[in-house]
Amino acid sequence: MLRITTAVTAIVLAGGAAFAHHGWGSYDAAKPVTVAGPIVTSKYENPHATVTVRSDGKVWTVTLAPTSRMSTRGASAQVIAVGKSISAYGYPSTATPDEMRAERITIDGKTYEMR
Amino acid sequence: MTGEAPAIFVALEQSNLGATIRQSPWLFPVANVGHILSLAVFAGALAVMDIRLLGGLAATSPAHVLMRARGIAIAAFVMLAATGFLLFTAEASHLILNPVFQIKLVLIGLGLLNLALFEFGVKRSVVDLSPGVAMPASAKTAGLMSLAIWLVVAACGRTIAYF
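Here the protein sequences come in this chain order: U and D.
So the first sequence is numbered by the numbering used here: it starts at 4 and just counts up by one.
So the second sequence is numbered by the numbering used here: it starts at 6 and just counts up by one.
Since the hints were made in silico from the structure, they are not lab data.
Nothing here was measured: the structure is a model prediction, and the numbers come from that model.
Glycine included, every Cβ here is placed at the ideal spot set by N, Cα and C.
Hints are not guaranteed to be accurate.
As the list claims (entries may be wrong) - Straight-line Cα separation of at most 25 Å, DMTMM-like style, residue types lysine to aspartate or glutamate; simulated pairs: (1) Lys46/U - Asp133/D; (2) Lys87/U - Asp111/U; (3) Lys61/U - Glu102/U; (4) Lys61/U - Asp101/U; (5) Lys34/U - Asp59/U; (6) Lys61/U - Glu9/D.
Claimed, not checked - Quick list of simulated restraints, FRET-style, between CB atoms: (7) Arg75/D - Pro100/U: 47 to 55 Å; (8) Leu110/D - Ala39/U: 35 to 43 Å; (9) Ser20/D - Val43/U: 20 to 28 Å; (10) Ala39/U - Ala86/D: 40 to 48 Å; (11) Gln81/U - Leu110/D: 52 to 60 Å.
Work out the full structure: start from the sequences and follow the hints.
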């Protein structure tokens with residue numbers, strides 16, 4: 004019975020170790036892209052802020068960071084407001100066309116890390 | 006993706022509650038952390054009960070172990086459901102179409118069914134047993150099913166973000 008107890012404990016603890024925030028699965032880090040252009044829409048929302056950006060005739064959805072991290076780093080809702088010019092460096096989604104997650108963004112000459 | 010979701014989930018996501026959860030700087034993170042903490046407590050209480058059903062912790066009578074852990078498990082489950090509802094509401098139209106989330110919902114149903122079968126059946130054969138007495142096979146099955154189902158439910162929860 005001790006063996007069962009030990010095994011179950013090990014399983015439960017292993018499960019617990021996985022409860023960190025998720026890494027990013029479906030983005031291709033081998034093909035980084037830079038999306039630059041005016042912000043068309045802006046959502047300062049959890050779990051991740053997002054903007055859409057018109058760039059090279061396409062409208063990209065750019066996934067940013069949780070709002071608490073954004074504001075801590077100075078990237079407030081005003082900074083990513085509609086109409087601002089943004090340059091976002093990041094990784095394209097392998098699941099959704101024209102979507103990317105930003106590693107960092109540059110607005111008004113200032114760069115904000117998203118990770 | 007939003008366009009394909011049943012209207013009720015689109016409406017839930019677009020409700021004032023959904024917007025409030027997304028726009029608040031603290032509601033989503035608090036629900037997120039609360040969900041994991043509730044899971045830790047739930048899994049702990051559940052593991053104690055299931056281990057007893059499997060024949061572990063045999064020095065204490067099954068009734069005593071089950072009674073003590075039961076209230077904690079129920080309270081933690083209520084917290085899991087409440088925080089889970091908040092997390093779901095924020096992204097309802099996407100989540101309802103997420104295959105792992107769908108598997109998770111089915112497994113939660115199975116877990117509750119397993120629980121109901123135990124409560125209204127198997128339980129009667131174990132509550133009067135003295136400490137140290139071997140557990141009937143039906144109780145071991147119920148305990149093993151419970152452990153397996155709820156651990157996979159937890160794994161599904163963590164896996165949603167990758168699909």
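Outcome of the hint check:
no.	hint	in the structure
1	Lys46/U - Asp133/D	58 Å, violated
2	Lys87/U - Asp111/U	8 Å, holds
3	Lys61/U - Glu102/U	11 Å, holds
4	Lys61/U - Asp101/U	8 Å, holds
5	Lys34/U - Asp59/U	17 Å, holds
6	Lys61/U - Glu9/D	23 Å, holds
7	Arg75/D - Pro100/U: 47 to 55 Å	50 Å, holds
8	Leu110/D - Ala39/U: 35 to 43 Å	41 Å, holds
9	Ser20/D - Val43/U: 20 to 28 Å	25 Å, holds
10	Ala39/U - Ala86/D: 40 to 48 Å	44 Å, holds
11	Gln81/U - Leu110/D: 52 to 60 Å	39 Å, violated
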